[in-house]
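Using the hints, position chain D against chain L.
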Amino acid sequence: MDKKLIEIKNLKKSFGENEIIKSISLDVFDGEFLTLLGPSGCGKTTILRILAGFEYPTEGEILLDGENLITIPANKRNINTVFQSYALFPHLSVRDNIGYGMKIKKVPLKELNERVDEMLALTSLEVLANRKPLQLSGGQQQRVAIARSLVNRPKVLLLDEPLGALDLGLRKKMQIELKRLQKKLGTTYIYVTHDQEEALTISDRIVVMNAGKIEQCDKAKTVYQKPASKFVTEFLGETNLIDGEYCDEENQAYFKIQGRAYPVEKQEKKMKLLSVRPENLKVCPPDKDGLKGQIVENVFMGENYRIGVQAANGQVLYILQKEPMNKGSVVGLTFDADKVSGI
Amino acid sequence: MSKKKSGSTIIVAILAVAVLLFLYLPIIVVVLYSFNSSSISSFPMSGLTLKWYVVMFHNEALITALTNSIEVAVIATTLAIVIGVPSAYGVYKLKFRWKKFLEKVVIIPMMLPGIITGISILSFLQMVGIIQGVLAVILGHTTFLLGTVFPQIYTRLRQLDRNIEEASTDLGGTGIQTFFYVILPNIKTAIIGAALLSVTLSIDEIPVTFFLNGVFTTLPIQIYGMTRNGFTPEINAICTIILVASVAVILISNKISREEA
Numbered sequence: 000m001d002k003k004l005i006e007i008k009n010l011k012k013s014f015g016e017n018e019i020i021k022s023i024s025l026d027v028f029d030g031e032f033l034t035l036l037g038p039s040g041c042g043k044t045t046i047l048r049i050l051a052g053f054e055y056p057t058e059g060e061i062l063l064d065g066e067n068l069i070t071i072p073a074n075k076r077n078i079n080t081v082f083q084s085y086a087l088f089p090h091l092s093v094r095d096n097i098g099y100g101m102k103i104k105k106v107p108l109k110e111l112n113e114r115v116d117e118m119l120a121l122t123s124l125e126v127l128a129n130r131k132p133l134q135l136s137g138g139q140q141q142r143v144a145i146a147r148s149l150v151n152r153p154k155v156l157l158l159d160e161p162l163g164a165l166d167l168g169l170r171k172k173m174q175i176e177l178k179r180l181q182k183k184l185g186t187t188y189i190y191v192t193h194d195q196e197e198a199l200t201i202s203d204r205i206v207v208m209n210a211g212k213i214e215q216c217d218k219a220k221t222v223y224q225k226p227a228s229k230f231v232t233e234f235l236g237e238t239n240l241i242d243g244e245y246c247d248e249e250n251q252a253y254f255k256i257q258g259r260a261y262p263v264e265k266q267e268k269k270m271k272l273l274s275v276r277p278e279n280l281k282v283c284p285p286d287k288d289g290l291k292g293q294i295v296e297n298v299f300m301g302e303n304y305r306i307g308v309q310a311a312n313g314q315v316l317y318i319l320q321k322e323p324m325n326k327g328s329v330v331g332l333t334f335d336a337d338k339v340s341g342i
Numbered sequence: 000m001s002k003k004k005s006g007s008t009i010i011v012a013i014l015a016v017a018v019l020l021f022l023y024l025p026i027i028v029v030v031l032y033s034f035n036s037s038s039i040s041s042f043p044m045s046g047l048t049l050k051w052y053v054v055m056f057h058n059e060a061l062i063t064a065l066t067n068s069i070e071v072a073v074i075a076t077t078l079a080i081v082i083g084v085p086s087a088y089g090v091y092k093l094k095f096r097w098k099k100f101l102e103k104v105v106i107i108p109m110m111l112p113g114i115i116t117g118i119s120i121l122s123f124l125q126m127v128g129i130i131q132g133v134l135a136v137i138l139g140h141t142t143f144l145l146g147t148v149f150p151q152i153y154t155r156l157r158q159l160d161r162n163i164e165e166a167s168t169d170l171g172g173t174g175i176q177t178f179f180y181v182i183l184p185n186i187k188t189a190i191i192g193a194a195l196l197s198v199t200l201s202i203d204e205i206p207v208t209f210f211l212n213g214v215f216t217t218l219p220i221q222i223y224g225m226t227r228n229g230f231t232p233e234i235n236a237i238c239t240i241i242l243v244a245s246v247a248v249i250l251i252s253n254k255i256s257r258e259e260a
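Listed in order, the protein sequences are those of chains L and D.
If you read the first sequence in numbering that gives the first Met the number 0, its first letter stands for residue 0, the second for the next number, and so on.
If you read the second sequence in numbering that gives the first Met the number 0, its first letter stands for residue 0, the second for the next number, and so on.
Just so you know, these hints were derived from the structure itself, not from any lab.
Every residue gets a Cβ at the ideal spot worked out from N, C-alpha and C, and that includes glycine.
Mixed in with the good hints, there may be bad ones.
Simulated restraints, written as ranges between beta carbons of each label pair [claimed, not checked]:
1) D116(L) x T173(D): 25 to 33 Å
2) K212(L) x Q158(D): 33 to 41 Å
3) L22(D) x D116(L): 54 to 62 Å
4) F123(D) x D116(L): 53 to 61 Å
5) K182(L) x P184(D): 34 to 42 Å
6) D64(L) x T173(D): 22 to 30 Å
7) G236(L) x M110(D): 53 to 61 Å
8) T173(D) x Q134(L): 27 to 35 Å
9) S245(D) x Q134(L): 48 to 56 Å
10) K75(L) x P206(D): 46 to 54 Å
11) R96(D) x I71(L): 53 to 61 Å
12) K109(L) x T173(D): 19 to 27 Å
13) K183(L) x S245(D): 57 to 65 Å
14) K131(L) x G224(D): 36 to 44 Å
EDC-like, lysine to aspartate or glutamate: derived pairs with alpha carbons at most 16 Å apart [to be verified]:
15) K268(L) x D247(L)
16) K75(L) x E165(D)
17) K281(L) x E322(L)
18) K8(L) x D95(L)
19) K212(L) x D26(L)
20) K94(D) x E66(L)
21) K183(L) x E117(L)
22) K326(L) x E296(L)
23) K75(L) x E164(D)
From the structure, some residues in chain D lie toward chain L, with a derived Cβ separation under 8 Å [claimed, not checked]:
24) A15
25) N162
26) I163
27) E165
28) G171
29) T188
Next up, chain L with everything else stripped away, as it sits in the complex:
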C-alpha cells in the first residue's frame, strides 16, 4: 500500500487561455482507492483524461511505476477507463464487449474466453452474456463497463463519475460492489465524483479539488473531520463556521467566541474560524458555560430535524435533533474539543 504507483509532478493544463489545472502534484499508492472530489469544472475529469492519454498536459511530469507516462500513446497504456456514459459498443454482445481489449491484444482464444467467463461471474453478468448493451438496464451497463476494463488487468482503473446516471438505491449498491471488486483484485482505482457522500463512503483517500488546485489530500475521515480550508469544510457536508480569536497557552489552546474561551486542539497555524458540523453541536441548559441562542426554525429531514439556533450576534447555527424543539425557547450549545476544526 505504501508503494508509489503514480507520481504526478507540477502538472498544468490549459485550453487556450483557460488554465484548467494549475500545477498539481500528487502521489497515488499501489492498490489504493483514491477519489478526486470537487465541483464541476474544477479539473478533476481533465486529470483523468490526461492519465488515460486522451489529453496532453501543458507542463509537468507523470510517472507510472517510475516510467514516464506522457510519451506513451493512450492505446499502449496499462490503464483502463470506465466512462461516465459507459461507452459500451452497441453492436457487440456483453461477452464481446468484455473480450474486446483482449481481442485487440491477440490474447489466445482459450484464455480470452476463460477470462471473460471469470469476469462475467465476478460481476454477476453470466445470464446477460449474449445480450446487446441496449437491452440492459443502467446498472447492468455499468457493470459491463467495469468488467470490460478490469478484465484487461490494468495497473490503474480510472472511473469518471461512473454512478452519476443511476438512482440513489442502485448507486449505493454499486458503491459497495465497486469497493468489493477493488479489494478482491487489488487494482488501484482513481475515481472522479462531485458527490461528497459517495467520496466519503468508498475512498481510502480523497483529493479535494477546487478551480484547478488541490485543496486537501488525505484519508476520507481526516478530510471530513479536519478540513484544511473553508472550501473543503463547506464542500464536504454542512457545517457551522464561527468567528473568534485563537489563543495558545502552554498546555492548552483556546478559541475565544464572543468573549468566552473554549478549549480546542492545538493548531499549527492561527485559526480564524471554528468549524463545527451540525451533528457535533450539542444542546445544553442555557445557564451552562456555552453559546446561547434562540430556536428559530425546525426543518424535518427524514431521520432528523435540522434546527436553526440564532446566536446573540445574529448568526444562525444549525444542529441536528431527533425531535423538533419549541420555537422561541433559549438553549445553550456546546461541542467537544476533538470534534471541531480550525481554519
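Relative to chain L, chain D alone:
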C-alpha cells in the same frame, strides 16, 4: 370511442382517396397497359398479354441502355461510398476551422438543379481533357452521389457516442482497428441505405447524364428518345420492371432501418 362516423371524417376520407388516386393512378395505368394486348393505349383493355415484355427484351438498344445504366449505377455508387465514407469520417474526427462551412457546402450538389451540375462537370472535364462518354457519366454521377452519401454517413457518425472511440483506444485499439471494429459496424446500415439510394438516383438520372453522355446511352435517356417516336407499349413494360425493382429496393432499405431501431 363511438363507431359512428361524422361528416368531417367522411370528407377527409374522400380527400385522402382522391389524393392517393392522383398520385398513383398514372402508375397503375402504366402497369395495366404493359399487359394490354392492343398496342393502342385505350380503355377498356382488349386482353391480357406478356408480348410487350418479349418485345422489350428483344429491343437491343433498350437492353444495352439498361445494362449501361446498371453499370454506371454500380460503379458510381461504389466510388461515392469509397470516397464518401472516409471523408465523412475524417470531417467528423478532425477539428478544423472550416468544418461548419464544409458540412453545408458538401450537400449543395444534391440541392442544385441538375443542369448546373451537368454544365459545370462538362466544362471541367473538357478542361482536363476527358471527352463525353461512359467515363464522364460515371464521374458526373459519382459527384452528385457524393452529395447524398456524405450527409447520410456524417449524420449517422454524429449520432454515435463519441466515447466509444475513446473506449476502443483505451482498450488498446489503434486508429485503424477502431475504425474497422467499432465505427464501421455502427454505420453499416447507413452505408447500405446510402448505397441503395445512390443506385436508384443514378439509374433515374437525366439532366447531368444528358450533358455528359455523348453517344453513350443510359436507360432514362433511351426511354426518353423512344417516346419521341410515339409511345410504344414496351415502354410500359420497362417502366413496370423499374417500378418493381424500385419498390423492392425501398422495402429492403426500410427493413434494414427497422432492424437498426
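Hints, verified against the model:
no.	hint	in the structure
1	D116(L) x T173(D): 25 to 33 Å	holds, 27 Å
2	K212(L) x Q158(D): 33 to 41 Å	holds, 38 Å
3	L22(D) x D116(L): 54 to 62 Å	holds, 58 Å
4	F123(D) x D116(L): 53 to 61 Å	holds, 60 Å
5	K182(L) x P184(D): 34 to 42 Å	holds, 36 Å
6	D64(L) x T173(D): 22 to 30 Å	holds, 24 Å
7	G236(L) x M110(D): 53 to 61 Å	holds, 59 Å
8	T173(D) x Q134(L): 27 to 35 Å	holds, 30 Å
9	S245(D) x Q134(L): 48 to 56 Å	violated, 35 Å
10	K75(L) x P206(D): 46 to 54 Å	holds, 53 Å
11	R96(D) x I71(L): 53 to 61 Å	violated, 30 Å
12	K109(L) x T173(D): 19 to 27 Å	holds, 25 Å
13	K183(L) x S245(D): 57 to 65 Å	holds, 60 Å
14	K131(L) x G224(D): 36 to 44 Å	violated, 52 Å
15	K268(L) x D247(L)	holds, 10 Å
16	K75(L) x E165(D)	holds, 13 Å
17	K281(L) x E322(L)	holds, 14 Å
18	K8(L) x D95(L)	violated, 38 Å
19	K212(L) x D26(L)	holds, 15 Å
20	K94(D) x E66(L)	violated, 31 Å
21	K183(L) x E117(L)	holds, 13 Å
22	K326(L) x E296(L)	holds, 7 Å
23	K75(L) x E164(D)	holds, 15 Å
24	A15	violated, 36 Å
25	N162	holds, 4 Å
26	I163	holds, 5 Å
27	E165	holds, 6 Å
28	G171	holds, 4 Å
29	T188	violated, 10 Å
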